[in-house]
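*Asks:* Top line first, the protein sequences correspond to chains Y and H. The opening position of the first sequence corresponds to residue 1 in our numbering, with each subsequent residue numbered one higher. The opening position of the second sequence corresponds to residue 1001 in our numbering, with each subsequent residue numbered one higher.
No wet-lab data here; the hints were simulated from the structure. Among the hints, a few may not be true.
Said to hold, decoys possible - The list that follows gives simulated cross-link-like pairs (lysine-lysine, DSSO-like), each with its CA atoms no further than 27 Å apart: (1) K1225(H) x K256(Y); (2) K256(Y) x K1170(H); (3) K378(Y) x K1072(H); (4) K1416(H) x K145(Y); (5) K264(Y) x K1139(H); (6) K1225(H) x K378(Y); (7) K1139(H) x K256(Y); (8) K1225(H) x K258(Y); (9) K260(Y) x K1139(H).
In this text, all values refer to a predicted model and were calculated from it rather than measured experimentally.
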Amino acid sequence: MTELLRPAAEWELQSMIAKLAAQKRRVEIVGHGALRNAGRVARSDVVLSTAGLKGVTLYEPTEIVMSARAGTPVYEIESLLAARGQMLAFEPIDLGPATGAPGGALSIGGVFSTNFSGSRRILAGSARDNLLGVRAVNGRGELFKSGGRVMKNVTGLDIARGLTGSWGTLAVMTEVTFKVAPLPQTMLTLAYTGLPDDLAIEALTTTMATPLEVSGAVHLPKGSAARLRQAKLKGIDQPVTLLRLETFSAAIEGRKEKLKAALKVYGTPIELDAEETWSLWSEFRTLSVMPFSTETSLWRISTLPTKAAEIVFAIEKFMDATAFYDWGGGLIWLEVPAAADAGAADVRRAVSVRGGHATLIRAQPEVRASVDVFEPLKPEIERLTRGVKSAFDPDGLLNRGRMYANL
Amino acid sequence: MPHIELPEPDAGVIRRRPILIEDLKARVGADLLILDEDGRRAYETDAFTAYRNVPMLVVLPRTTEDVSKILKFCHENDVKVIPRGAGTSLCGGALPTEDAIVLCVSKMNRVIEVDYVNRFARVEAGITNLEITSRVAPKGFFYAPDPSSQLACTIAGNLAMNSGGAHCLKYGVTTHNVLGVKMVLIDGTIVDIGGTSLERNGYDLLSLMIGSEGQLGVVTEATVKILPSAEGARPLMIGFRSPEAAGSCVAAIIAAGIIPVAIEYMDRAAIEVCEAFAGAGYPLDVEALLIVEVEGSENEIGILLARIAEIAAAHDPKTVVMSSGPEQSARIWAGRKAAFGAIGRISDYLCMDGTIPLAQLPHALTRISQICAEHDLKVANIFHAGDGNLHPLILYDANDDSQADRAEAAGEAILKLCVELGGCLTGEHGVGIEKRELMASQFSATDLAVQMRIKTVFDPTWRLNPAKVFPLAATETMRSGRAASTPEAA
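With the hints as extra help, turn the sequences into a complete structure.
*Replies:* Laid out in structure tokens, this is it:
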């Protein structure tokens, strides 16, 4: 059985990593396990969990800033924020339910390590965009900080943001400081039904070019829409295109009418009020509109909105795919039948000729161990990537193989 | 004055100048080079004018391939390179040394592609910030970061310094608005980092590059987000009897769930000078003035401004003036935007650029006044109140060495104060040479080593803009080329 380390304080974590570094022992970094089944499987001698590093260490609602230890569960943070009428603006995605890991186990460190942001990213930016500072321990066992707690900071290299999306392969975040946002006074959703993917994406991009500050722009093709749980849309047997508006109460009706006028050619939408909107968009944060069968693999594709429908169409030529478009079409969640390579060859070919990149999120461990989970790097970028890895973790001890087989 | 130490130029490189020039001419053509002293003198400093060095030569590439050839030449010949945009750096970020080549991207200023449907523009790095907005404005779009120098500064410089501006409270700074770059490494390798889609693949190298002050590579193209312009925008001016009241009002606005597009603060000294210069209609009987701008439809603006005025009323304001239309809005902003120039008419000044947590504002302003009084100098304060980015302008006479020395000392004390209060040394101007030696007050030796190792990954021999950003003593080994070493933590 693999040894499990569970430091209760930053100094303890640092001394543990320093000791492991001296012994050149490889260590897998986890929080509460929400992301354990996503990405590649790390090759490790020891597992280190940040779950013991819990608690909000700074919260200034009037400065819209919060600091929390890396293992703090996201639901605790969101509950604290909600009590003061605030939220995490980028709506972090909880991959747990989609990958067979526990739901609600997402830690704030995991959020910034993976930079997985939800629908509101199109208005508020990603987790990375909302990060202000970190404290972390690198693979040399050194404790360091980067950034800080103020909104504007250009003092030195932006190591904090550089760590986002590195999946714990560069350093173990011990504390993160981030920007929070006011909860909108009210919100609503317009749901257009029956639009084929290409027309729906056209409607989404039209919307995003308006100054109405749409905070969610999602399209669910027929099969995905049928899995919606929200009562007004539940079981709908058509594609559904969803647009979310949020602002102060006195302005919401005006914005709604403008949006409806801009999208008049796409039909008459079903309208969802604030409460219905809240429950609907929560579904996307756990990807519950996807099938989640053990017989399938889940991909996440980042591309240009205008290429999204084409990419899905091209993949559908080769396999039975289920898609869900977020970020106005710029992000595709795609489930495909299980295969020895999780469909990587066809998925990657469809993406590469149209621009963008694909990440394999869920597949059987042996599949994730045998295909590239992250998009392979061009040689000159790989050279820099290796250099950066080596700068933080010269012996390759932290989450070895978690992103790339040989890193 | 001047007190900031610069490394001794490499006499060997200077001696080789004639040979180097011939070699570079052969590689990129003579027409890209500026060799005469008068021409080179134009590049001897940036907007941090107290320090000047005529560079060995200046080169003005027209293409990414030119940049690649130039950097490869520098790499092979062990020559330092100072990347430069428009030279508007306020921290000496583009200051050359006599043994260095200035590589200025100002001739690379085309818009390569605009995609309104996917909402991005691909531009060459030498284009000015404002030109991007000018190009996309007819279709109802804009490029969000708006540094005060946006008419002159280039995207290359914005990327180097991670520039912001008055409106970054809502729209973020450069790093929030760039999707990808094409850049050239010191060995001439051309790399594309990021692209046109929202999310990047692999490590976030773009985050490391933006704000690195020309230390990692030379950016030749940028893909930036363009955003739909708001339907309208209008400011509100609120004059207060004390800085404390203004500070609490800012906190109350944000606590009420309103994030205005900008909140600007001016103290009494700044108000008087700006009003005399611009006739903006600023109240002259207040200790602090906030300019709060909101965006939206005319109806939304009216509702929001009324709400902000209501919040302000609880802080005993002396004046509340709501702009009634575009003309008045322009006048209000004209005063603020001309502030640095207006103060420059009455005195030389050192413009500081620290950031503090907003709750520390009253304390910070009191201490700044004390620090300047202790150095027998006056100060005017202007800053972005929404994000705590202070700009104390320390007034002094540049012809008086004693005053200049005291101004530098006061500035240093103010920046250290910002760090002590939980803030940082620079919110938007950058470190350059100006704050290089102060970095140790904000960062531990380990923090700095972590950053310097990244510099070494991109630029192993430290030829790109060396002697900037990091304390000189800490970088000596790397800069001297004595070791292709990994910076060690103390």
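*Asks:* Does each hint hold? Answer for all of them.
*Replies:* Hint check:
1. K1225(H) x K256(Y): This hinted pair holds, its Cα atoms lying about 25 Å apart.
2. K256(Y) x K1170(H): holds, 22 Å
3. K378(Y) x K1072(H): holds, 21 Å
4. K1416(H) x K145(Y): Judged against 27 Å, a Cα distance of about 18 Å means the pair holds.
5. K264(Y) x K1139(H): Since the Cα atoms of K264(Y) and K1139(H) sit roughly 21 Å apart, the hinted pair holds (cutoff 27 Å).
6. K1225(H) x K378(Y): Given pair K1225(H), K378(Y) holds - Cα atoms ~24 Å apart, limit 27 Å.
7. K1139(H) x K256(Y): Holds, at about 22 Å.
8. K1225(H) x K258(Y): holds, 24 Å
9. K260(Y) x K1139(H): holds, 21 Å
Hint compliance for this structure: no hint is broken.
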